[in-house]
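The residues making up each chain are set out below.
Protein chains: 4
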Amino acid sequence: MQRFQRIGILAHPLRPATAPLAQTVARSLEQHGITTWTRSVWDAVRVRSLVRGSDLVIAIGGDGAMLRAARACAPENVPVLGINTGYLGFLTEISPEEWENSLPALLEGRYWIEERMMIRCEVRRNGVPVIASEALNDVVISRGAIAKLVQLETYIDGGWTTTYYCDGLIVATPTGSTAYALAAGGPILPPELKNILVVPVAPHLSMDRPMVLSQGATVEVVVEPHTVAEVVLTVDGELLASMKTLDQVVIWASDSVSRFVRLRDRNYFYRSLLDRLEPRVPSRPGQNRLGNSPGSGQNLP
Amino acid sequence: MQRFQRIGILAHPLRPATAPLAQTVARSLEQHGITTWTRSVWDAVRVRSLVRGSDLVIAIGGDGAMLRAARACAPENVPVLGINTGYLGFLTEISPEEWENSLPALLEGRYWIEERMMIRCEVRRNGVPVIASEALNDVVISRGAIAKLVQLETYIDGGWTTTYYCDGLIVATPTGSTAYALAAGGPILPPELKNILVVPVAPHLSMDRPMVLSQGATVEVVVEPHTVAEVVLTVDGELLASMKTLDQVVIWASDSVSRFVRLRDRNYFYRSLLDRLEPRVPSRPGQNRLGNSPGSGQNLP
Amino acid sequence: MQRFQRIGILAHPLRPATAPLAQTVARSLEQHGITTWTRSVWDAVRVRSLVRGSDLVIAIGGDGAMLRAARACAPENVPVLGINTGYLGFLTEISPEEWENSLPALLEGRYWIEERMMIRCEVRRNGVPVIASEALNDVVISRGAIAKLVQLETYIDGGWTTTYYCDGLIVATPTGSTAYALAAGGPILPPELKNILVVPVAPHLSMDRPMVLSQGATVEVVVEPHTVAEVVLTVDGELLASMKTLDQVVIWASDSVSRFVRLRDRNYFYRSLLDRLEPRVPSRPGQNRLGNSPGSGQNLP
Amino acid sequence: MQRFQRIGILAHPLRPATAPLAQTVARSLEQHGITTWTRSVWDAVRVRSLVRGSDLVIAIGGDGAMLRAARACAPENVPVLGINTGYLGFLTEISPEEWENSLPALLEGRYWIEERMMIRCEVRRNGVPVIASEALNDVVISRGAIAKLVQLETYIDGGWTTTYYCDGLIVATPTGSTAYALAAGGPILPPELKNILVVPVAPHLSMDRPMVLSQGATVEVVVEPHTVAEVVLTVDGELLASMKTLDQVVIWASDSVSRFVRLRDRNYFYRSLLDRLEPRVPSRPGQNRLGNSPGSGQNLP
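Protein chains in written order, with the working numbering: chain D, 332 to 632; chain U, 332 to 632; chain V, 332 to 632; chain S, 332 to 632.
A portion of the hints provided could be inaccurate.
The list cannot tell twin chains apart, which means a pair is met if one copy fits it or any two copies do.
Said to hold, decoys possible - Simulated pairs of lysine to any residue, SDA-like, Cα-Cα distance not exceeding 20 Å:
| # | residue 1 | residue 2 |
| --- | --- | --- |
| 1 | Lys-525 | Asp-488 |
| 2 | Lys-525 | Ala-548 |
| 3 | Lys-525 | Gln-546 |
| 4 | Lys-479 | Tyr-418 |
| 5 | Lys-525 | Glu-465 |
| 6 | Lys-479 | Leu-345 |
| 7 | Lys-575 | Ile-477 |
| 8 | Lys-575 | Asp-586 |
| 9 | Lys-525 | Tyr-599 |
| 10 | Lys-479 | Thr-355 |
| 11 | Lys-525 | Arg-383 |
| 12 | Lys-525 | Val-592 |
| 13 | Lys-525 | Leu-345 |
| 14 | Lys-479 | Leu-419 |
Think of the hints as simulated: they come from the structure by calculation, not from any bench.
Using the sequences and the accompanying hints, generate a full structural model.
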């Protein structure tokens with residue numbers, strides 16, 4: 332069992348509940364002899380050296396805070412525990428109320444680490460890399476403010492696949508499959524998968540099906556010369572770059588991996604998903620049945 | 332039969348093929364004793380007085396030119412004939428090559444007028460109307476450049492319906508059902524219908540079904556106070572206004588109606604639609620069968 | 332105000348809660364001097380003469396009971412009040428617990444009548460009508476037991492539209508838009524509309540968009556000669572006929588109209604819909620806002 | 332390079348073009364000293380001993396013939412070459428006209444073998460296996476002839492996931508992602524993937540998103556006790572069993588793998604897919620660009 336010596340706290344800087352919670356968390360950790368530091372999660376990229384010397388980072392905020400913390404911690408192999416003070420909290424692990432009761436499990440090592448693949452994107456202008464980033468959720472190439480079609484040539488593993496006429500194209504990880512890609516009609520991939528998901532947003536008279544690619548795939552997206560709309564590149568919901576026609580975005584599986592501390596059991600994903608996704612119909616006969624499958628005690632041949 | 336005395340030409344100002352075609356069209360009309368005028372379709376709103384004294388407007392360009400011409404001509408009740416020099420040409424009637432052969436039918440009145448409903452939108456800030464417009468295709472309230480969710484409270488006939496968390500909300504006419512609304516997953520409405528169509532774009536964990544309303548319905552969309560994204564209002568693909576939180580957009584059926592000159596027969600719509608929409612699979616057994624239904628000669632009880 | 336003299340009760344014959352409720356309802360009506368009769372809703376078509384002499388029919392069961400009662404009562408112009416002992420209860424008006432409190436409103440005329448369009452279908456073999464029926468929800472032409480594609484040529488208003496390669500084709504009323512058509516991806520039409528909705532189920536490489544037609548439209552579906560799968564015709568969820576290749580199904584708006592007694596206010600539809608349809612996400616900021624729109628006191632220009 | 336000594340031919344027994352083609356193929360192979368045998372592809376399971384002693388099987392027919400041939404050949408590790416005399420031919424490799432020109436490449440070993448994962452399903456009644464099968468495309472648990480909902484409890488890796496209320500549930504391989512699963516709204520998975528795809532057909536007010544699972548996943552589907560509809564189990568489009576309530580279907584990745592002989596280059600999949608899937612719109616600017624990506628000569632970091 333690993334003993335924590337130094338834990339960082341990355342907190343959302345604006346939500347009112349976050350600052351006092353960060354203090355509470357820091358104080359309770361220090362009472363157990365653990366050194367702590369606290370920074371705004373918006374400075375996550377600037378605290379890499381702090382992250383590097385830490386055994387764990389606790390992110391306090393919503394899924395946006397988790398995404399930022401994950402991108403800062405993944406290259407340093409530091410795991411992240413999320414406390415949800417936001418809305419949906421797909422990525423966080425506990426609520427503020429659960430902190431006190433979760434602490435013993437955390438300190439005694441009664442948790443598991445969930446690894447989630449990330450993707451890397453690189454923008455090339457005239458063949459020269461100009462900017463790059465990693466993403467835990469998705470890389471989105473899309474129209475700017477005006478609701479006009481963008482034309483995006485797409486190549487998978489170097490071969491031309493199709494030209495999308497659409498609002499945008501989402502290239503997502505399994506983690507991102509429950510975020511923007513879900514809104515655009517994509518399938519759900521449980522977080523342990525290593526596939527790359529490609530989903531067009533509002534495709535007009537062009538290829539309109541999501542595609543699921545292997546971990547080793549490379550996706551290249553070129554802004555078609557006839558595109559008149561402004562085109563922007565968004566990474567995990569944050570603007571990375573404005574794009575010009577003929578700019579290329581190349582996306583592939585990153586070497587970095589996000590590591591999340593999990594206190595819930597390993598089947599938490601589907602339950603958590605369906606709590607958010609199923610319609611609010613009144614419960615039906617048979618729907619309340621929970622627990623393991625009738626045959627789960629049997630071995631498969 | 333109506334005899335044309337004065338015909339206006341509204342031509343796309345940039346496409347190379349458009350200017351010479353406008354000259355050809357003007358010359359051939361003048362040879363039949365018809366007075367003509369020619370303007371850029373981008374000036375359509377500024378030529379209202381010219382439009383007012385004309386019997387017909389010929390729009391030369393793509394669907395964008397048709398939309399502009401239609402918005403200029405509808406309030407004056409002047410019909411529009413579209414010659415397609417653009418790409419899809421859903422709204423235009425003939426190709427440039429067909430002009431010469433179509434002229435006799437046009438002059439001899441062998442055409443019909445297709446009426447298409449329009450919608451009107453009005454933006455209200457603190458309850459005061461600040462800008463208004465008519466649309467032949469659609470009114471879209473959507474995110475600006477950054478791919479962030481907007482929160483849109485929607486009221487139908489004054490009653491609260493739902494809050495959309497989405498990239499945008501399309502309120503469309505039947506004409507618009509084959510444009511952006513189609514890309515966003517909406518149903519197809521033939522152009523003679525008088526319904527109002529409501530389609531969310533990339534809705535996230537909120538109401539995700541298109542709705543079809545009656546002609547008399549009023550749709551109000553309020554930008555929710557928690558929306559942090561930039562919100563813009565687009566009418567027929569052109570930016571009308573930037574919106575603030577609590578701004579209201581009210582949309583209802585316009586009193587104006589677009590009138591298109593049609594030389595094809597009255598069933599043209601489905602054939603034209605499916606030529607664009609069906610997949611490019613090789614023809615299958617039974618698929619080439621055309622013409623009237625086996626029972627079309629029978630009266631229904 | 333109409334005074335009820337004779338009220339029929341059509342009750343689901345198998346659900347345990349239904350028979351005692353039917354007795355309670357009958358007794359309370361008779362205490363107010365109203366004559367009653369009670370039959371199984373499965374005999375609805377055989378009790379037409381009873382229906383004919385009645386002022387109201389109370390259907391006790393789920394949506395299936397409502398559909399049967401509606402088909403029996405519509406031709407006689409007798410309104411139906413539904414008491415829900417089933418699951419979803421989209422069509423019913425009150426729960427069993429609400430019966431006692433609803434009775435005064437019912438007897439004193441404090442209700443309104445909601446009219447809902449119906450469609451009529453007729454099967455023709457070699458051009459000769461062989462069977463016909465009315466539907467409140469939908470007419471479905473679909474594969475039989477084996478999961479094989481059926482090929483369905485479709486004609487709208489006598490013109491060929493497309494050939495569907497699919498599991499089935501749903502032709503629905505606005506009422507049916509929240510039933511099977513919804514599951515197959517169709518849009519929602521509020522019940523006061525008069526449109527006809529056409530939705531393919533699992534279309535394979537063929538036209539895959541729902542279409543919304545005008546009230547006056549006629550839809551003809553012909554089982555293509557190459558279809559090898561068994562094809563069946565289902566009306567409001569009940570098997571009407573087995574079909575052969577070249578059989579035609581013709582569908583158009585019925586002269587009959589279903590009339591439902593409503594005690595809730597006229598805006599009930601969207602609220603009731605979204606209670607069933609929206610995802611079960613935790614409530615978000617801004618989502619709980621209810622009531623009328625901020626601008627609803629203003630008149631539209 | 333492998334030298335073929337014995338090649339089997341499995342031909343569709345009814346299509347008129349198939350029998351003469353089978354003779355042509357057999358004759359040309361025998362002219363090169365190769366022993367051949369020819370059987371109906373409908374007898375594929377009964378010719379296992381013939382298959383076992385062969386180096387290659389040539390399937391002549393459509394995708395149905397390929398599916399049958401694949402299921403017969405996979406357990407014996409014998410590769411299959413498909414000649415398309417059917418309609419879509421997603422799985423076949425050449426047309427009848429290409430046979431003569433393809434023969435040298437085949438005999439000289441200028442081909443590659445594409446491996447495609449298969450799934451295995453087993454039906455358990457009262458916990459006891461009663462029937463099992465392998466599938467190259469999909470296993471479908473669905474309603475019988477009447478268009479009624481089935482209720483299917485679904486367990487992934489032994490944990491309860493959701494109850495589907497639907498026409499059916501498709502559990503598919505990547506190969507099957509372009510078959511029935513595509514019609515039901517599923518994503519596309521290129522054939523080299525090893526994921527299991529789960530897609531509900533016409534889900535009603537229940538979980539409606541496709542899910543993509545890992546190769547190691549086990550899916551269990553239990554027919555819910557409240558299901559009143561007839562439920563059938565279909566494997567690769569053929570009826571395997573009628574199911575009762577509480578019957579379980581367990582599905583997991585098979586040990587067998589289908590091996591297809593490919594003469595086209597390794598990027599054939601997307602091109603072939605989009606030829607069938609993209610809409611038939613006229614070609615647009617930028618759409619005709621083919622070949623490799625602008626950056627395909629560059630190595631990725």
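At most 20 Å between CA atoms: does that hold for Lys-575 and Ile-477 within a copy, between copies, both, or neither?
Both ways: Lys-575 and Ile-477 sit 16 Å apart in one copy and 16 Å across, limit 20 Å.
Can you tell me if Lys-525 and Gln-546 fall within 20 Å by alpha carbon in one copy, between copies, both or neither?
both (5 Å within a copy, 11 Å between copies)
Intra/inter-copy verdict for Lys-525 and Ala-548 if alpha-carbon distance must be at most 20 Å:
both (11 Å within a copy, 14 Å between copies)
Checking an output row: Lys-479 and Leu-345, CA cutoff 20 Å. Within, between, both or neither?
between (34 Å within a copy, 18 Å between copies)
As a check of your reading, is Lys-575 near Asp-586 (CA-CA no more than 20 Å) within one copy, between copies, both or neither?
So Lys-575 and Asp-586 fail the 20 Å test inside a copy (28 Å) and across (42 Å) alike.
Could you place Lys-479 and Tyr-418 in one of the four classes (within, between, both, neither) given a Cα distance threshold of 20 Å?
between (31 Å within a copy, 15 Å between copies)
Quick one: Lys-525 to Leu-345, C-alpha cut-off 20 Å, is that within a copy, between copies, both, or neither?
neither (34 Å within a copy, 44 Å between copies)
What label fits Lys-525 with Val-592 when the C-alpha limit is 20 Å: within, between, both, or neither?
Result: close within a single copy only, 19 Å intra versus 28 Å inter.
Is it within, between, both, or neither for Lys-525 and Tyr-599, if the alpha carbons may be no more than 20 Å apart?
Answer is within; shortest intra-copy Cα gap is 18 Å, inter-copy 23 Å.
Intra- versus inter-subunit Cα pairing at 20 Å for Lys-525 with Asp-488
So Lys-525 and Asp-488 pass the 20 Å test inside a copy (16 Å) and across (18 Å) alike.
Alpha-carbon proximity context of Lys-525 and Glu-465, limit 20 Å:
The answer is within: 15 Å in one copy meets 20 Å, while 25 Å across copies does not.
Reference check for the pair Lys-525 and Arg-383, CA-CA at most 20 Å: within, between, both, or neither?
neither (26 Å within a copy, 36 Å between copies)
In summary, the numbered hints that this structure violates are 8, 10, 11 and 13.
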